[in-house]
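Here is what each chain is made of, one letter per residue.
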Amino acid sequence: MRLASKKALDALRIEAAAHLFPETETVIAVGMGTCGIGNGADLLYQNLEKSISSYISTRNKMHVRLKKTGCFGFCSEEPMALLRVPGKPALLLNQLKPKDTDRLISACFSPDLLEKLAKSALAKIEHWDFRTSEFNFGSGFPSTPLWNEIPFFKGQEKLVLRDCGLIDPENIEEYIAVGGYDALAKAISGMKGEDIIAELKKAKLRGRGGAGFPTGVKWELMAKQPGPDKYVICNADEGDPGAYMNRNEIESDPHMLLEGMAIGALAMGASNGFVYVRAEYPLAVERFERAIAQAKDYGLIGENILGSGFSFDLSIVTGAGAFVCGEETALIASAEGRAGRPMPRPPFPAQSGYLGKPTTINNVETWCNVPLIIARGGDYFSGFGTEKSAGTKVFSLVGKVKNTGLVELPLGSTLESIVYGMGEGSGSRKRIRAVQTGGPSGGCVPTKLFSTPVDYESLSALGAIMGSGGMVVMDQDNCMVDTARYFVEFTANESCGKCTPCREGLSQSLRILNAVSRGEARESDLSELETLANVVKDSALCGLGQTSANPVLTTLKYFRDEYEEHVRDQRCKAGVCSSLYLALCENSCPLHMNIPGYLQLLKEGRLEESFELTLRGNPFPGTIGRICHFHCKMRCRREALDEAVAQGEIHRYIADAMYKIGREKAVYAKLISEKLPPTGKKIAIIGAGPAGLTAAYYLVRLGHSVTVYDEHDKPGGIPRYGIPSYRLPRDVIDKETLFITKLGAKLVMKTKIGRDLSFADLEKANDAVIVAAGASEDLPLGIPGDELKGVIHGYDFLERLTLKTAPEIGERVVIVGAGNVAIDAARTISRLGSEVTVVYRREKRDMPANAAEIEGAMEEGIQFKFLCAPTEVLDDGTGKVKGLRVVKMSPGGIDESGRRKPVPTDKTELILCDTIISAVGERASAGIAAECGLETQKNGTVKADSFSFRTAHRKVYAIGDIVSGPATAAEAMGMALRASRAIDKELAGKASYDESRFESLFGSFTYSDEIPDEPVGDAMRRAPMIPVSERRRNFVELSLGYSGKQALEEAERCLRCDVGTARRERQYKNREDKRVAAGRN
Amino acid sequence: MDTTMVHATIDGKACEFPKGTSILKAARSVGVDIPTLCHLEDVSENASCGLCLVEVPGAKSLLRACVTKVAEGMNILTATERCMRARKTNLELILANHPKDCLSCSRNGNCELQAMAERLGVKQVRFPRTRVADFVKDESSGSLVRDPNKCILCGRCVTVCETVQGVNAIDFAGRGINSRVSTFLQRGMDEVACMNCGQCALVCPTAAITEQDETEAVFSALLDPTKIVVVETAPAVRVGIGEAMGMGAGALVTGKMVAGLRRLGFNKVFDTQFSADLTIMEEGSELIHRVKNKGVLPMITSCSPGWIKFVEHFYPNLIPHLSTCKSPQQMFGSIAKTYWAEAVGADPRNIVVVSVMPCTAKKFEARRPEMDGAFHYWKDKMKLEDTESFYDVDFAITTRELARMFRVAGIDLERLQDEDFDDPLGRSTGAAVIFGATGGVMEAALRTAYELITGKALPSVDLKEVRGFQGIKTASVDAGGLKVNVAVAHTLKNARIILDEIAAGKSDYTFVEVMTCPGGCIGGGGQPLPVDKEKREARAKSIYLEDAGKPIRKSHESPAIQELYTKFLGQPLGHLSHELLHTKYRPRAGV
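Here the protein sequences come in this chain order: F and U. So in the numbering used here, the last spot in the first sequence is 1081, and the numbers never skip. So in the numbering used here, the last spot in the second sequence is 591, and the numbers never skip.
For the record, the hints were derived by calculation from the structure and aren't laboratory data. We put the CB at the ideal spot given by N, CA and C, even for glycine. Treat the hints with caution; some may be incorrect.
[What the hints assert, rightly or not] If you anchor each label on the Cβ, the simulated ranges turn out as follows: (1) Leu146/F x Lys60/U: 55 to 61 Å; (2) Gly12/U x Lys388/F: 33 to 39 Å; (3) Ile14/F x Glu162/U: 36 to 42 Å; (4) Ser140/U x Pro228/F: 47 to 53 Å; (5) Asn485/U x Gly190/F: 45 to 51 Å; (6) Lys60/U x Glu896/F: 30 to 36 Å.
Same shape as in the complex, but just chain U:
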């Protein structure tokens, strides 16, 4: 790292910056916020929007602050008439072909373009629309909606998909005014290798890519007196929903969230963390089983649905490495509609399971055809027809959708008194909480696996080696003479590195955790936006705070889980577990 400093003036004020600093970053550091719509720190340097223009006397044209590095002696002017005019003209040019339906747009009030128009003082758009035809809106994916008409071609989504995820599901297509972000051969998102991770939606400055909104369907279920509507909330939601409701980044609002969900009318407020503990039981047992029986190793976690789809598309040969465990969301659905339904004597067909997830891919996962374990459980017992089949999880809504529901219902989250989850599916341990952050599943699994293997208590509950935002983390745990090598990766681009090693036979890992999104679920595609590294860190911090405060921090110590096995499942990897908690994967096309 070059630590040389360069000297420059910004709007007449002399400053110094580390060599290699962009004008944009430099100016921001001294309190000059140059506008941009395409630049996204650490993600996108597309330099396409044409707003961050600054004037440097002597330069032939205006310079883009986002990609131009401060040079020694540079005289940077950020507010000259020339750059103001060019910025405003470029913004108006973008607005000319952008729909003017702000009032009914899902990003209304949370749109960077709208905010920029206000900021740059656009009072009227001088230019009429020039694009003749509308682009087709793609709603084929159950997770995401793409409306290229609202796209301003900033390229953030393309960059995130390529550089963060290494997926390239979307790219620019067409030329000139017909340029658009599109898929391979302009197929529907359901027909291409899109992982539904939603990182694109997270970085989109407008409503060109959004989650598939299911809030109205959930409201309908809540208003239907014949339905028992239960909700499960993923660990990362409790550190995201506060932020989405206008509280600080990473605000930990578990109790308020539970209270809010009750106000919305859910019959029971349960917790996905319950099934996260269950996952540890099953997955930990599976790992031990594989190790003992020389099964396929390394075994890789299967909680993250984007990641599962990724393997199915790009590494179908490595499918045997995936844990057969369903994700906590799906385990919850199966248990709610079997064990809990029996316990409360409810008809499973009348139970509506709504999950609140930090994730857009969960919508896809909930609709995977094989995710109907409860239906098969009941099919013979209740003599059900195939046409009466139901999913284990009926709706998977994102943190953002939940916030929308709170706002619709007039729920002021900040002022609610904390409430607690319902029994028994609302009980969980600290191990379950940390599922929300990268390395969490690994840490939770090791807390249990160590004890299952060694029969001894773990020397320290906190496995700090697998925490943090480093792309790939590795650790080695000695479990009573058994050396367990583990790796943790977040983002699919990092996952690719590990998969390539496995494919090449160069991997000596026993167990690998992969999370699709940066930072794990706390950085999921369904979380509040905009997001940056600091916000992700704040959310992760709250996750670990919750864990630390939990009286029980190991999944196998959870009384609710123990009761579930005693009363219903029998033992991990048992027959019923196999039927309800495990699943199969299938290869998918590579494009």
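For reference, chain F alone in the conformation it holds in the complex:
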């Protein structure tokens, strides 16, 4: 059907619009983009087709039309479908399964079932603004949110994607129905080339391929070239890992691109064009080919379009998928049948392009914006976005983000609003670290810069680029070195090899990055990497090369400490660089304990060795086995099968079993006998908590003379004074701290630096001083009335309880906070007989305390009030607490911590109580830092090098909570471990340091390296607990710990991820080397 004029087109539009969502027919539209199909949309479609035909045979009045549409953009909710019953809002249905077919079909006939379906729908659409027409679907389904009220769509502005998911991309009449080709008709019938270009300039449209060159200017250059032998080309060679906007734009609305190119050809006086699309996009190719054929049939391209005399021919060129072919001169070479290698510019394609003719190349999305600009005017378009970056941009939001998909938003929206708003954060407790924009040509933007608006200038100021719109979110499990390495590997492979900086520079950069990720790089390599990146950026011939340095430069700029961690510590905190860890449990453990090792030794019945192995790395196995956060469990690969292995529980079992049979003495004796010869160096440690004692433990064994000073009367720090004994019996900590003194460390208790001893004297008398004074100063509640009698600080309370100097507690106690101190205080006070309510401003799942502790507290009858933020402590008139007023909160959007931000409501509540425990956090005491003359940060923590923990004072080191702020005991001990090595190295004199000194502390164990063929065991074993009924009024340890059988069964669950890893191989090799050196075999 050939349309001979604009009039014929307009007539067809009216006819077609009536068929789009007719008032007599129910329409089910299944999203059939590549991602929908990949998630099973085709199966769903087939099932629906079958069901409908069987319904037709049974009920003749059936009017349900099934159709295929493009993609609505919400990838993580695919397969999606749109169901619209006449008169009702269209329902967006998500995550449909093939078996949902009946539910859908029956809802088409039953208003009740439809209402029910609406409740489970993702959202509803009541109204839609197409290019030339507005469409009202109807109203109803009050409990179903409107599409643009749900986080993923809120803030989106669908201009380019306006038809996607709503029309059938394979049916030109549906495109015409929503206003398709009216812009072309308008341009053809009333506009001159310069009018079109003027409109584009007014729209301030800039190239959507990444560089952002003003499209109007580009077109003007081309228009000036003599014609008509000129070409317009669409660049659909989208090749960034994680980017697929262009694919979807073609798959979902191919005519939009076609129309844009036809208008462009008209404006610039070109008569030929093609779309260069990668062959890996078969569906896009198929749909675009179909679109071309249809447009030809309808006379919308080809000869004498709409009777105007204007002719334009369009075709498709499929590229073999080389990344560099996205660069325009390489694209032209490829389209000409030559190898895709860039040419120097000038001449620019506008002067000499495809086949030497004037050529304009625009990205898919640039072309797609054109019909809208012509239809609604440049001013309409420039009304979106910012002054310099007008309009919207489509991004593919992927990676470690809950809601993945295509988002179209006005330029100038912040990264925050995209990642936390539309993406709703990581969707887990994992912290988001960065977002990578622009693919291999872009950069990694850290979370601290998420308030940056997304526009061309702002992103490039950060060293990233907009690119064609890939946005990859990364969380704490992403290693930034590995990210840079990945992209450089990509660009090094994709480099066409023509120019030196790109070909050779990337190859050398990759070599360095590989070395860094294997822990084989030196610090000088990092500066070399930076130099290389700068030279590549400065001297590569084409865009691929020039921008390929961005991932390296941005990660070096924003995550340099992570590079340094790889180089200086040979560690990859994220657990990605596999050469740098034994197993993910070991890697997550702040002490890097050889967990698979002790599990295996236990399995082999070698309890003593198993204990020895744990003790060598961790002087407090019984203590840590009870109170740790068990970082080891968080990345356990067993979790993918059923549950993580309870490494910590086994750790505790090993210690308890040894202590029970008294065999620890032999191991203690062994370690004492192994102490290295005295070095004559004196070290003072301030603070006898986990950090200080662990440092003492290592340093004494290394032969140094160590004295630990602490103001308390007993060693142990927070575990002793802050953790209730039902969690950590005092005899365990007594035994384990005693071992430190047995090893030869001198403990000077009840001695406060600044009061009993001056820091200056200490510094003078010692070769090194370690400040490990902790962070146990409670933060104030910070609300009116927080000074009233009866308001008690959480940590202070726990400590004074241990010291038996605790203040009196009332009958009804409210605890404010959700960390371990809050729960410890709650369970303690509950044991003392009071009624306890915990108040927390967020939700239960957001609580930072150990999950087991929270469950325990609930079992014990402690009340929790979530989403309640304290606003005022009420006075009973005598200066004593009467109650706590809280405001009810409602969960808002996701914040940087990955949790929903509590938003105050207008509802308040008064909780009557006589005591309030404020456990909202602790901080490092300002006094000790000042006394030691150490520089502190805003939050009161002491500044120290993150690898050696040395402070600005040469001799002074700082470790533990005083550096990190309140953290776990294991983390503090991990710092002690690293600081001890640094101090030993420093005291030995760097040049001659023998690494084996420190390594020898950990001994050498051999055990079987058999990987279980079939994983044994099922869920995690759980240690028996004292029944709730027996917990009142006593502080007996709750957990009875594993039985021997349980411990063994649990150890059997380990998958032995360590076997075959590079780090393990290195350990073996070192051991072999040592054996050979020692003349043993």
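Given the coordinates of chain F, work out where chain U should sit on it, guided by the hints.
Here is chain U on its own, set in the frame of chain F:
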């Protein structure tokens, strides 16, 4: 041509240049030599090496001087820390994956990369090698050796092959660090449509493409007392060997060259120009024969072996247009091993013919299986077995190889006294000399053909229309009422134009000369390097100087040739000529 001038400053100095001048050229014109390894004036604008970087304040990145045109008001800084650092880094990056065997490399002392490392003050290469595997060295071609390991991917060879020759025998293959210059499907050079012209070797800055070196084999022959080793020297060698020995471009050193060859121990020092005169006799007669008998016209010259192979590969249908005459090199070999062998009573099997050529394709030509006319001549007479067959020409070495032999032997060419070629195969005319330059064969042929047709003396010996470096030259000569339209082309890209015209039936030429290399043999792939237009012009000038100084300037007037016909061949196109001096061609695959 736009004659507008643009104003710019280079390192602070204000200058003006014609619009469209590249920064590189502009800077050179004012005495600032910006380094480059890939740029080659008039040939390659590949912009790949990353050395010619200059800084223009305000530009986002450094600019490549080779392809960036000077713009009005441009402030060009060529020696800032930023560009120096980038240049040196890029050079070190190239060196990282380049073999460090300079001492045993054939380009040792004559390598642009080596010189650049010295020039930019590279004292150590910061980067280790990153390419894992070695590339395969291709020695399959008898003419050229390709060692991609030494390639720095400057692209000059690819460009020369494509834009100068229109052959595309080589192109880039692979990506990233595995990029290399290679052939179709990485076949050996002997299996692809390579013309062996050696223009690639001539522009290569390193030893990635070199001639197949046969100097050791020639030395062995010279040291073998049982062999009679004779040498023939092509016209272009006498204007190239001096240059290769450190004398000025185009230095004409015929006598010194002869003296040097005697010092090397050649038993006889003969001249390919002798057989060039012979070629004129045969070819001129062939032309007249074709004209008179309505044979295939235009007839095209067949002296240039790259060109012959080109027709065989790409225009097999036009083979009948090629003159059946062997090239002078091959005619010499046939005559030396028959006529001369008989004359001196030598066993042809003991004669070793070494040719010194400006050409790498001559090595291929000498080994064409059909080039054994002398063997067939002797086969029955001496009752030889097929296994005893020998080539007419045993070794074809290039000007560069001869220079290498002179250096090995300690021959200081410049100080030698002139000596003369040996009789009789050392005698030649001015017509033979000009074979070395484009248009020379045509001019020489016309000098003789005119007189053979008209029986009258040529009004002027010099046919200036066919001289010079214009790509295609045409002329029309009235030979006693017979209008002879001639065309002369050099480089295969230009040859293609003429062939396409012939194929399309749009050609009204009678006789066409084609030379493979730019400027003809003086710009051959075996000549001294580096070469540029000025050097080619200097060589051509010397060629015409030699011609002008020759007492006899027409081939048919050569007494030595006349004697050859009288004593041995009988007449041009006679039976023996056919057997010894003419040949056949065969179609070859197009890739």
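Checked hints:
no.	hint	result
1	Leu146/F x Lys60/U: 55 to 61 Å	violated, 45 Å
2	Gly12/U x Lys388/F: 33 to 39 Å	holds, 35 Å
3	Ile14/F x Glu162/U: 36 to 42 Å	violated, 57 Å
4	Ser140/U x Pro228/F: 47 to 53 Å	holds, 49 Å
5	Asn485/U x Gly190/F: 45 to 51 Å	violated, 59 Å
6	Lys60/U x Glu896/F: 30 to 36 Å	holds, 34 Å
The structure shown violates the earlier hints numbered 1, 3, 5.
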